[in-house]
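Going down the list, the sequences are from chains A and B.
According to the working numbering, the residues represented by the first sequence are 1 to 76, in order.
According to the working numbering, the residues represented by the second sequence are 1 to 233, in order.
Simulated from the structure, these hints should not be mistaken for laboratory data.
Mixed in with the good hints, there may be bad ones.
Where chain B lies over chain A, by a calculated footprint (3+ residues, C-beta under 8 Å) [said to hold, decoys possible]:
id : segment
1  : 13 to 22
2  : 31 to 37
3  : 41 to 51
4  : 60 to 74
Since the model is a prediction, treat every value here as computed from it, not as a measurement.
Built from N, CA and C at the ideal position, the CB exists for glycine as well.
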Amino acid sequence: MKLYEIISETFGVNQSDISDSTVFLELDGWDSMAHMMFITGLEEEYSIDFEGDDIVDVSNVGELKELLKKYNVSEL
Amino acid sequence: MKIAIVQPYIFPYIGYFQLINEVDTFVFYDDVNFIKKGWIHRNNLLINGSKNLFSIPLIKSSQNKLINEIEVAIDQNWLSGFLKKIELAYKKAPNYDKVVELIKNTLTVEKTFISTLAIKSVILISEYLEMNTEFKISSQNFSDSRGLEKANRLIEITKKLGGDTYVNPIGGTELYDKDYFSSQHIKLQFIKPQIDTYKQFENQFIEGLSIIDILMFNSKEESKKLISNYSII
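Modelling step: build the complete structure from the supplied sequences, incorporating the hints.
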């Protein structure tokens, strides 16, 4: 899954360790600058532009997947 | 007056410089824990049309050490190899000559720490781009606040600098609450980059690379324009 690839690349986590309950803040490679890189990476990959208010509330992978559906991203 | 406080990153991506651009004073947060799988000591370049990671060699890196406690292990062999990699990747890029000098100036060092090297890379590029932001280093200028809880330390540093606004990357919204900052008389804002594409080689655009890539393919003025495109939440 491309989404898991981006998470793995940005935060240095194995794809096999990612699930819907994965909390970004708890990943070893997390800091707020890396998270910003992650958001811009998602926007580029899926050709979307998150509204600030939408993306600020996302804390885990499951919530992110729901948000991506809202932005009509069908293939994760 | 706006303040940002961020871990030092080596040749970071454009969002880092957008944050620098937004604030009056940028504090390098070097006396916090190193992030082994993070972006303090590494980033991506464009090599043969793909994203390719480079990493500054370190001595005994650990998440139990502070960023300013980790020494780099750059020797002449590594440096020659890295510059060769840059040459092969970018020698046909329009601004190769100027940018490779910046890289050489950054990396030609005696024994040093990754914090010092990363800070040097950011400051040299900021100077090249004629950015007016003032820089400070947390371990040198704000060591007395080290024991404070995260948000409180950021607020303390902001106030010490005479700031009324703290700007964080948008990734920090889980950690920091606008109401709490407001109760401490500091406005909290978040920066959300807008990443514009630019011409690389004949490849499909690869985003999220080190500032090195942007500078290789864009003039100083074009780079400044790319850096100025973001929104504040």
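Item to check | Contradicted hints - numbers only | outcome: 1 and 4
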